Each structure stands twice: as structure tokens, then as C-alpha cells.
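Engineer: Here is what each chain is made of, one letter per residue.
2 protein chains.
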Amino acid sequence: MAYTAKITVTLRQSILDVQGKAVEHALLNLGYGSVGSARIGKYIEVLINEVERGEAERICNEICLKLLSNPVMENYSFELEQVN
Amino acid sequence: MAYTAKITVTLRQSILDVQGKAVEHALLNLGYGSVGSARIGKYIEVLINEVERGEAERICNEICLKLLSNPVMENYSFELEQVN
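Going line by line, the protein sequences match chains A and B. Under the working numbering, the first residue of the first sequence carries the number 3, and numbering increases by one thereafter. Under the working numbering, the first residue of the second sequence carries the number 3, and numbering increases by one thereafter.
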């Protein structure tokens, strides 16, 4: 049994998101005046080959903290989806 | 009324994901043998100030196709969340 982890890593609200600002300006220049507050993050999908959901969650938290995010500047969240 | 659009942009399955491969190798080197098949994408949050959900969806599709993704190489998906 395995789980697909769908992980999103985003900059903390207090940190200036320059990529997001660039996207906002681009949207404005394209004429989308109703669109704002863009924030850009990362999306990561990994397959975790574990039988127990709890163990898969533990591993997912660990790899997010150790490798996939920078806990000083970023938040992460994830969902596990069971794969047969 | 407004909607928060949570957009994920991922490389199409047929396209080699070099960032994903790098993450896989890093995970293996860190001792996470049960984790594989990493795919890396982008996560974008924008606020769409529209009253009607249908209109917000139309705008979201448009900005994904025109600005946020490269339809030749990438897929996108999004969810709209109503903000009061």
C-alpha cells in the first residue's frame, strides 16, 4: 500500500513575496483589475510506500521540515491520498 | 464578494521533471527509501474580486492559460474558495 502526498509550501505571510508582486503587476497590465493578492509557492507530489497512514504522515512531516521547506520563511501543508 | 483561487501548475506526465529527480535523489541520500516519484510544480494563490462564481472561474481559467502556466508543457487545476 502507498500514499500520494500532495504538499504545498508557501512563504509566510510576513515575508515579501516578490514573485507574487510580479504576477500581480502582470495581471494588472493584462487587464485583470479584479485579481490581486498573488502569492507564489511550491507544489510537490511524492509517493510514500508505507502500509500505515500514521507512518506516512510522520515521514511526510519530516521530509517537509528537512528538505522541502525552509521552516524559517515558509509554511507547508499536505494531504495524503491512498493509492491501492 | 471575492474568491480565493488556489491554483496548482504541474509538468505534464510525459515531460522529464529534473527538479523532481533531484528531490528523489536527495530523499534517498537522506535515508528515505520508501519515498519516490517526486514531481515538482507551482502553487499560486490569487484573490479574485467578483460577485459570481462562474465569472471568477472564467477569469481563473484565462489567467492560468495566458500567464500562470505554459499549456504546451504544463497542466493546471484550481479550487475557488469563497471569501466573505
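Keep in mind the hints are simulated off the structure, nothing from the lab. Computed from a predicted structure; not experimentally measured. Don't take each hint at face value.
If several chains are the same, the list does not tell them apart, and a pair holds so long as it fits within one copy or across any two.
As the list claims (entries may be wrong) - In the DMTMM-like style, the derived pairs of lysine to aspartate or glutamate whose C-alpha atoms are separated by at most 20 Å in a straight line are: (1) K44 x E57; (2) K23 x E57; (3) K44 x E76; (4) K8 x E59; (5) K44 x E54.
Engineer: Taking 20 Å as the upper bound on the Cα-Cα distance, should K23 and E57 be classified as within, between, both, or neither?
Structural biologist: neither (38 Å within a copy, 23 Å between copies)
Engineer: From the Cα coordinates, with 20 Å as the cut-off, is the pair K44 and E76 best called within, between, both, or neither?
Structural biologist: Classified as both; 10 Å inside a copy, 14 Å across copies.
Engineer: At most 20 Å between alpha carbons: which applies to K8 and E59, within, between, both or neither?
Structural biologist: Classified as within; 11 Å inside a copy, 23 Å across copies.
Engineer: Since the copies are identical, ignore which copy is meant and state whether K44 and E54 lie within 20 Å (CA to CA) inside a copy, between copies, both or neither.
Structural biologist: neither (26 Å within a copy, 29 Å between copies)
Engineer: Is it within, between, both, or neither for K44 and E57, if the alpha carbons may be no more than 20 Å apart?
Structural biologist: neither (24 Å within a copy, 26 Å between copies)
Taken one by one, the earlier hints fail for this structure at numbers 1, 2 and 5, listed in ascending order.
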